[in-house]
Amino acid sequence: MKLTKVMVVEDDPDIQTVVRLSLKMRGVADVLVVENGEECLAQVTGYKPEVILMDVMMPRLDGYETCRRLKENSATRDIPVIFLTAKAQQYEIGRGLQMGATGYLTKPFDPMTLHSQIIELLEEKDID
Amino acid sequence: MDHRHILDSMGSALLAVDAQGKILFLNRALAVLFGVEPREWAGRPASELARLVQSRSGGPAGLRLEGMENVEESISREIEWRDEKILRHFREDGAPLRDASGHAAGRLFVYHDISREKAIDRMKSEFIAVASHELRTPMTSIKGSVDLILSGFAGETSPEMQELLEIAQKSCDRLVRLVNDILDLSKIESGQLKLNVTHEDLTEIAVHAICAAKPLADQTEVRLRVERPHPIPLVAVDKDRMEQVITNLLSNAVKFSPPKKEVVVEILPHDGWVQCSVIDQGCGIPEKDLHRIFGKFQQLGEGRRRGGTGLGLAITQALLEEHHGVIWVESRVNEGSRFIFRLPALGQAAARQVEEEAPKDPQTA
Numbered sequence: 001m002k003l004t005k006v007m008v009v010e011d012d013p014d015i016q017t018v019v020r021l022s023l024k025m026r027g028v029a030d031v032l033v034v035e036n037g038e039e040c041l042a043q044v045t046g047y048k049p050e051v052i053l054m055d056v057m058m059p060r061l062d063g064y065e066t067c068r069r070l071k072e073n074s075a076t077r078d079i080p081v082i083f084l085t086a087k088a089q090q091y092e093i094g095r096g097l098q099m100g101a102t103g104y105l106t107k108p109f110d111p112m113t114l115h116s117q118i119i120e121l122l123e124e125k126d127i128d
Numbered sequence: 129m130d131h132r133h134i135l136d137s138m139g140s141a142l143l144a145v146d147a148q149g150k151i152l153f154l155n156r157a158l159a160v161l162f163g164v165e166p167r168e169w170a171g172r173p174a175s176e177l178a179r180l181v182q183s184r185s186g187g188p189a190g191l192r193l194e195g196m197e198n199v200e201e202s203i204s205r206e207i208e209w210r211d212e213k214i215l216r217h218f219r220e221d222g223a224p225l226r227d228a229s230g231h232a233a234g235r236l237f238v239y240h241d242i243s244r245e246k247a248i249d250r251m252k253s254e255f256i257a258v259a260s261h262e263l264r265t266p267m268t269s270i271k272g273s274v275d276l277i278l279s280g281f282a283g284e285t286s287p288e289m290q291e292l293l294e295i296a297q298k299s300c301d302r303l304v305r306l307v308n309d310i311l312d313l314s315k316i317e318s319g320q321l322k323l324n325v326t327h328e329d330l331t332e333i334a335v336h337a338i339c340a341a342k343p344l345a346d347q348t349e350v351r352l353r354v355e356r357p358h359p360i361p362l363v364a365v366d367k368d369r370m371e372q373v374i375t376n377l378l379s380n381a382v383k384f385s386p387p388k389k390e391v392v393v394e395i396l397p398h399d400g401w402v403q404c405s406v407i408d409q410g411c412g413i414p415e416k417d418l419h420r421i422f423g424k425f426q427q428l429g430e431g432r433r434r435g436g437t438g439l440g441l442a443i444t445q446a447l448l449e450e451h452h453g454v455i456w457v458e459s460r461v462n463e464g465s466r467f468i469f470r471l472p473a474l475g476q477a478a479a480r481q482v483e484e485e486a487p488k489d490p491q492t493a
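From first to last, the protein sequence lines stand for chains A and B.
Numbering (our numbering) for the first sequence: 1 to 128.
Numbering (our numbering) for the second sequence: 129 to 493.
Just chain A, with the same shape it has in the complex (with noise of 0.2 angstroms):
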């Protein structure tokens, strides 16, 4: 699988950098980035993501509210979401999933095997 289209949803500006950097590292050219889920809302189905990489903690929208969004329309459903986020507690990743998310990774989280983190989880989500 290859990844070309990528979407981060996420507030910090320092962590937008990381992010952008690890992923261009392993040959994702086209990454945009929107910083809260009203913005993601907005470009969604302009920009078509393959993936999006979703913050949990943002201003305006929240990262659960605007995955629940996703997955209540036609257009949208089908874009896979991968919460990105420091909610790290149990409980917090199972409600992301409830969401009806494709998966979770947990901050800090380690900017070499970001992407095949996120190829891994979109693989087990075709195989499922």
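Keep in mind that the hints were calculated from the coordinates and are not lab data.
Glycine residues also receive a C-beta, built at the ideal position from the N, C-alpha and C atoms.
A hint or two may mislead.
To be verified - Computed cross-link-like contacts, DSSO-like style, restricted to lysine-lysine with a CA-CA straight-line distance of at most 27 angstroms:
#, chain 1, residue 1, chain 2, residue 2
1, B, Lys367, B, Lys322
2, B, Lys342, B, Lys389
3, B, Lys342, B, Lys383
4, B, Lys367, A, Lys125
5, A, Lys24, B, Lys298
6, A, Lys2, A, Lys24
As the list claims (entries may be wrong) - Chain A stretches covered by chain B per the calculated footprint, using a threshold of three residues with CB under 8 angstroms from any CB of chain B:
#, region
7, 3 to 15
8, 18 to 28
9, 108 to 118
Claimed, not checked - Okay, the calculated beta carbon distance ranges per label pair:
#, chain 1, residue 1, chain 2, residue 2, range
10, A, Arg69, B, Gln297, 34 to 40 angstroms
11, B, Glu201, A, Arg69, 55 to 61 angstroms
12, B, Glu291, A, Gly100, 41 to 47 angstroms
For this one, chain A is given, so just place chain B on it according to the hints.
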């Protein structure tokens, strides 16, 4: 002064019941708490009082006064009470009441309002959860940036830069482990840890733990081995948490073992328990330090230099206590250490139940 006046001046609520379950005495604080008139209740059955209090809307959950009058041991437990829409917490201390000759003559109940302590506990846990979340965000940026520079992606680095960045990387990894350990320990201590208990063979869990610790052991060519000379009963444990316990003990044993030595996990049945020992041939622990080894941030010798957080054994002990287990250590300097824990073995009936409950045919399960 009459003893009754002394007991009426107490802040905690007190109730004394005789051997027939009749009320001997209740103090003013209990009368206020239960909303009753003390004089009306002397000599009446405690069970009636319990029924009256519990019949009111929002009465205490789990108040049990009948059938307890002849219980010999002291029992402390917590009960919740929704008082005018406010949830209050009480600790009930129940103890046998003894007459002048020391014979059991009923039971004494004392109720302490612990709502404030509970609220502080909850605030502490919330603070730790939020603080660990807030710490993770900057740690992610630091770790991510350093890892990316070290990978060479951002250009070449001089050997000195490389060395300094590796220090930053190692320290950041240690900080991550520390935050995770603090969060873990606070969850256990505040009773928020949810155990997913199943009936398991500890040997299988030990084998998984060995796989997890193997990369660390390979660095110094330390060999890891499981020994289980006899069949052992199953134990009721959270599989992941028990693997965490054994992995903690194994990684400590490996860290303190000289290269090319062996670490053995020995599992034995022991008189209603399953006993697991993690045995190393490392530097050992001086006798004067043995008593503080399970304390928080108690790193002995070179623990800190070896990347430990100082919380591993405190977490291990707390997790075992959550499983009704015990842990201790036996050690000799320059000969090695033996960390031993025991978990209650499941009886044969429980083991049979596991077999019966297990799906026989995956097609029909």
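Item to complete: May I ask which of the numbered hints given earlier this structure violates, with the numbers listed in increasing order?
Response: none
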